[in-house]
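Participant: Take a look at the letters that make up each chain.
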Amino acid sequence: MTTLRYAYYPGCSGLGTSKEYDMSTRAVCEALGMELIDITDWSCCGSSPAHTVDDRLAGALSARNLVQAGDIEGVDAIITPCPSCLANLKTARHRLQKPEFRAEVNKLLERPVHGDILPVKSVLQAIVEDVGMEELRYRVRTPLKGMSIAPYYGCIMNRPPKIMEFDSHENPMALDNILEALGATVAPFNLKVECCGASFGVARRDIVERLSGKLLNLAAENNAQAMVTACPLCQMNLDARQNQINVANSTNHVMPIFYFTQLIGLALGFSQSQMGLEKLVVSPRELLAGAAG
Amino acid sequence: MHVINLSKTRDQEFISRVEQESGQNLSLCYQCGNCTAGCPVTFVYDIPVHQIVRLCQAGQKDAVLGCHSLWLCASCQSCTTRCPNSIDVAHIMDTLRHMARRDGYATEYGVKSFTDSFLESVERHGRAFELGLMMLYTMKTGKFWTDVDLAPAMLAKGKLGFKPHPVQNKEAISKIFKRFREEFAQ
Numbered sequence: 001m002t003t004l005r006y007a008y009y010p011g012c013s014g015l016g017t018s019k020e021y022d023m024s025t026r027a028v029c030e031a032l033g034m035e036l037i038d039i040t041d042w043s044c045c046g047s048s049p050a051h052t053v054d055d056r057l058a059g060a061l062s063a064r065n066l067v068q069a070g071d072i073e074g075v076d077a078i079i080t081p082c083p084s085c086l087a088n089l090k091t092a093r094h095r096l097q098k099p100e101f102r103a104e105v106n107k108l109l110e111r112p113v114h115g116d117i118l119p120v121k122s123v124l125q126a127i128v129e130d131v132g133m134e135e136l137r138y139r140v141r142t143p144l145k146g147m148s149i150a151p152y153y154g155c156i157m158n159r160p161p162k163i164m165e166f167d168s169h170e171n172p173m174a175l176d177n178i179l180e181a182l183g184a185t186v187a188p189f190n191l192k193v194e195c196c197g198a199s200f201g202v203a204r205r206d207i208v209e210r211l212s213g214k215l216l217n218l219a220a221e222n223n224a225q226a227m228v229t230a231c232p233l234c235q236m237n238l239d240a241r242q243n244q245i246n247v248a249n250s251t252n253h254v255m256p257i258f259y260f261t262q263l264i265g266l267a268l269g270f271s272q273s274q275m276g277l278e279k280l281v282v283s284p285r286e287l288l289a290g291a292a293g
Numbered sequence: 001m002h003v004i005n006l007s008k009t010r011d012q013e014f015i016s017r018v019e020q021e022s023g024q025n026l027s028l029c030y031q032c033g034n035c036t037a038g039c040p041v042t043f044v045y046d047i048p049v050h051q052i053v054r055l056c057q058a059g060q061k062d063a064v065l066g067c068h069s070l071w072l073c074a075s076c077q078s079c080t081t082r083c084p085n086s087i088d089v090a091h092i093m094d095t096l097r098h099m100a101r102r103d104g105y106a107t108e109y110g111v112k113s114f115t116d117s118f119l120e121s122v123e124r125h126g127r128a129f130e131l132g133l134m135m136l137y138t139m140k141t142g143k144f145w146t147d148v149d150l151a152p153a154m155l156a157k158g159k160l161g162f163k164p165h166p167v168q169n170k171e172a173i174s175k176i177f178k179r180f181r182e183e184f185a186q
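Protein chains in written order, with the working numbering: chain A, 1 to 293; chain B, 1 to 186.
Since the hints were derived computationally from the structure, they do not count as laboratory data. Don't take each hint at face value.
SDA-like cross-link-like pairs, simulated, lysine to any residue; straight-line CA separation at most 20 Å [what the hints assert, rightly or not]:
#, chain 1, residue 1, chain 2, residue 2
1, B, K170, B, I87
2, A, K98, B, G23
3, A, K162, B, L28
4, B, K175, A, R111
Label pairs and their in silico Cβ distance ranges [as the list claims (entries may be wrong)]:
#, chain 1, residue 1, chain 2, residue 2, range
5, A, K162, B, S27, 17 to 23 Å
6, B, A185, A, R141, 53 to 59 Å
7, A, S273, B, G23, 44 to 50 Å
8, A, V140, B, G158, 27 to 33 Å
9, B, Q12, A, N217, 43 to 49 Å
10, B, L6, A, D76, 50 to 56 Å
11, A, S273, B, P166, 26 to 32 Å
12, A, D76, B, S86, 28 to 34 Å
13, A, N249, B, D46, 42 to 48 Å
14, B, W145, A, T142, 40 to 46 Å
15, B, P84, A, N222, 27 to 33 Å
Small disclaimer: the values here were computed from a predicted structure and weren't measured. All residues carry an ideal CB built from backbone N, CA and C; glycine is no exception.
With the sequences and hints as input, model every part of the structure.
Facilitator: Written as structure tokens, this is what we have:
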């Protein structure tokens, strides 16, 4: 099999609050024949704060990484696990096609943007499109039988479609198809692309408690035993803040929130610790013991 | 009831600035309300998103830049995705936030402080340093107890580093901010 090679943009949260996402992404990609080459000295893409302050500042913070990815030889795309990084890098790339915007951003950069910029994809998109479901199914060693999981995509993985160019923006199926390929049961979940409250957890926790609370309620009503996400912020709101949400809404959810790469890893035969499962705040131990037994 | 005298308060320059900076044609909006219908944060908005666009069309600068909604938009892109006239509504919201900042409106101090703390962290280290960001936010707002209940679990799981992970060429990033202030900040 030919190896797929990518410029990899880990994103800041991968160094902290979503360590287990970065860990499991690296392990799973290697196992699926995807070679990740970290972008040299990558820096923050600006996340959501930068674009709320200025388009050109946000553009420059992303562009520095796009330029440095261009130094890597033999890659056709940049991939990143985080939808917020993805949206910033893709939006910057899109806007940089306009000469006026490019000229203004270049005024801010040590190394200006010249010529073409590599396409940007999510790790999810690369696994779905470049590896494919057939190959994934073929590599499953320990199917996730008996686990009913709600697929939650978050809001910006597929929106706006003109920029994100992947999957359906109202009813995406990438995570559904992956769960199915891994042998899990896909719980019905019609809030797939609803917002979790994003980065308001700190300044306006009431927003996260209400929006993420709604997601947990629906997953539980549909008898999901866990949820799966592709976004560090969604994961943090649903997992680390689950207790805050329970207190605010008088609920008592105990719902493990996996990264999709962790579930792929388990099905491929990696151990729970290799997938960083002990880093999840709501422990999936009982659920996984039940599934194995 | 809040009454606006449209002929006396119409600010044409504001309309042009919004259109130019967002790259959107405001007159395309015919107030169908699809953006508001899909907006997840309307419950905390003082003015729903379709009315913000209407107020922009009518040049109501003060009403728009002084509202809370601008700071509470989650950038979820639902409005942009579902607009039947392909107006990038989320980009209008972003543009209005930029203008509100520049013109000194800040109706949600906590949200503004979080954004400022985040960017200060990036300017200093080149990457977001989560614990440092929370410390900056605490200093700005005095909200010591914010998320203090999360800290033990996050620390125990090794998810909150005590040290930043700076990039090697830190100056390259701080210079982006410096040049930005010199070139564009008013």
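Participant: If you test the structure against every hint from before, which numbers come out violated?
Facilitator: 1, 13
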